[in-house]
Amino acid sequence: MDYRNAKYIDETRIDCEIDHPKFGWIPYTLDPSDTDMTVNNVALLAAMNAAGDVAEYVAPPEPEPNLYPDMTARRFEWLLAFTGLGDVWDALETQLKDSDREAYADVKSQRRAVIYRFDETIRLVAVFRNIAKQLAPDVDLSDEAIQAAWVQAVKAGK
Amino acid sequence: MGSGLSAAPVDVAKAVAGLAVGDVGTYAFLLKENAGYILAHGGTFAGSGLKYANANTGGNFGYSNVSPAGTWRVMGQIGYVSGTHTYNSKSQATSVWLRIS
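Heads up: the sequence lines are chains U and V, in that order. The opening position of the first sequence corresponds to residue 1 in the working numbering, with each subsequent residue numbered one higher. The opening position of the second sequence corresponds to residue 1 in the working numbering, with each subsequent residue numbered one higher.
Calculated from the structure, these hints are not laboratory results. Check before you lean on any hint, since a few could be wrong.
To be verified - For each label pair, taking beta carbons as the anchor points, the in silico distance ranges come out as:
no. : chain 1 : residue 1 : chain 2 : residue 2 : range
1   : V       : 80        : U       : 126       : 33 to 39 Å
2   : V       : 34        : U       : 45        : 36 to 42 Å
3   : U       : 91        : V       : 34        : 54 to 60 Å
4   : U       : 45        : V       : 18        : 22 to 28 Å
5   : U       : 70        : V       : 15        : 50 to 56 Å
6   : U       : 148       : V       : 87        : 35 to 41 Å
7   : V       : 62        : U       : 148       : 56 to 62 Å
8   : V       : 66        : U       : 91        : 24 to 30 Å
9   : U       : 70        : V       : 62        : 32 to 38 Å
10  : V       : 77        : U       : 40        : 28 to 34 Å
As the list claims (entries may be wrong) - Beyond 10 Å from chain U on every Cβ pair, some chain V residues (computed):
no. : residue
11  : 7
12  : 27
13  : 45
14  : 48
15  : 52
16  : 68
17  : 69
18  : 71
19  : 75
20  : 82
21  : 92
To be verified - Simulated coverage check for chain U against chain V, where a stretch passes if three residues somewhere in it have a Cβ under 8 Å from a Cβ of chain V:
no. : region
22  : 26-34
23  : 131-139
Cβ atoms here follow ideal geometry from the backbone N, Cα and C, with glycine treated the same way.
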């Protein structure tokens, strides 16, 4: 049986196209452990070995580690305490309590989340960054600072 | 019109029942992972891109890591289109497949 575009997809299996007598060229997975011999896998594999035209297996790249995984409330509190952002948060709540009740409710409820997500945290900081800077001008609230703090909290494993 | 088949129906039924899982002529409920497109009924795919599945593939627990060999024809559909969007999440990427080769 004619074949083309053969390549190993792991140590033993080969993906290719075969020229099927009824269906024409169709994709096919040659598995040496296949119990079905409608296609003579032994002969097909022998032909491939003789031709030496099966592309080598290329392992997929390792997935990049997630530097900013979701964080438990306990670990997030550690981040806030360690970086001083907790004090900023408290001051922000106090400031908003009298000036913007809806924003106050948003900020307060965010502090009671069960799981903290990095993207959501970055978005929240962006919303209140200007007010927070007025309350704590010495605290770095840049995205880069939040990223670094997040990584540190994850590594701390609290 | 003759079909060329001469076996009695009961013999055909026994022969079908005697097929092993994954043999040519058998059906399987399979997931096409990372479809990324619509695969209409009748489309064919290599077994390596499919996995034995159940009907609850919305999460990461609805399918095995075992892929069949050979060539499979989808007898339903993978994914769907709504408006200008193509949907092909795992829960929409399972169907009944027939091994044809």
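Evaluated hints:
Under the hint 33 to 39 Å, the C-beta atoms of residue 80 of chain V and residue 126 of chain U, about 36 Å apart, fit the expected range. Distance hint check: the CB atoms of residue 34 of chain V and residue 45 of chain U are about 27 Å apart, inconsistent with the given range 36 to 42 Å. Checked against the hint of 54 to 60 Å, the pair residue 91 of chain U and residue 34 of chain V fails, with Cβ atoms roughly 47 Å apart. For the hinted restraint 22 to 28 Å between residue 45 of chain U and residue 18 of chain V, the CB-CB distance of approximately 26 Å keeps it satisfied.
As the Cβ distance of residue 70 of chain U to residue 15 of chain V is approximately 53 Å, the hint placing it in 50 to 56 Å holds. Restraint check, residue 148 of chain U to residue 87 of chain V: a C-beta distance of roughly 38 Å satisfies the suggested window 35 to 41 Å. Between residue 62 of chain V and residue 148 of chain U the beta carbon distance is about 38 Å. The supplied range of 56 to 62 Å is therefore violated. A hinted range of 24 to 30 Å is violated for the C-beta pair residue 66 of chain V and residue 91 of chain U, which are about 56 Å apart.
Against the hinted window of 32 to 38 Å, the Cβ-Cβ separation of residue 70 of chain U and residue 62 of chain V comes to about 22 Å, which falls outside the hint. Range check, residue 77 of chain V to residue 40 of chain U: about 32 Å between beta-carbon atoms, so the 28 to 34 Å window is met. At roughly 18 Å from the closest C-beta of chain U, the C-beta of residue 7 of chain V stays outside 10 Å, upholding its exclusion from the interface. Residue-level check passed: residue 27 of chain V sits 14 Å from the nearest beta carbon of chain U, beyond 10 Å.
Distance check for residue 45 of chain V against chain U: the nearest CB is about 6 Å away, which does not clear 10 Å, and the non-interface claim fails. Residue 48 of chain V, annotated as away from the interface, has a beta carbon of chain U within 10 Å; the closest lies near 4 Å. Against chain U, the non-interface label of residue 52 of chain V holds: every CB pair exceeds 10 Å, the least being about 14 Å. Remark: the non-interface label on residue 68 of chain V conflicts with the geometry, its nearest Cβ contact in chain U lying 8 Å away (cut-off 10 Å).
The claim that residue 69 of chain V is not at the interface with chain U is violated, since a C-beta of that chain comes within 10 Å of its own (minimum 4 Å). Not every Cβ of chain U is farther than 10 Å from the Cβ of residue 71 of chain V; the closest lies at roughly 5 Å, contradicting the non-interface assignment. Against chain U, the non-interface label of residue 75 of chain V holds: every CB pair exceeds 10 Å, the least being about 15 Å. At the 10 Å boundary, the C-beta of residue 82 of chain V stays outside the reach of chain U, the nearest C-beta of that chain being 26 Å off.
The claim that residue 92 of chain V lies off the interface holds: its Cβ sits roughly 21 Å from the closest Cβ of chain U, which is beyond the 10 Å cut-off. Residues of the region 26-34 of chain U lying with their CB closer than 8 Å to a CB of chain V number 8, which satisfies the three-residue condition for coverage. With 0 residues having a beta carbon nearer than 8 Å to a beta carbon of chain V, the region 131-139 of chain U misses the requirement of three or more and the stated coverage is violated.
This entry does not satisfy hints 2, 3, 7, 8, 9, 13, 14, 16, 17, 18 and 23, going by the numbered hints stated previously.
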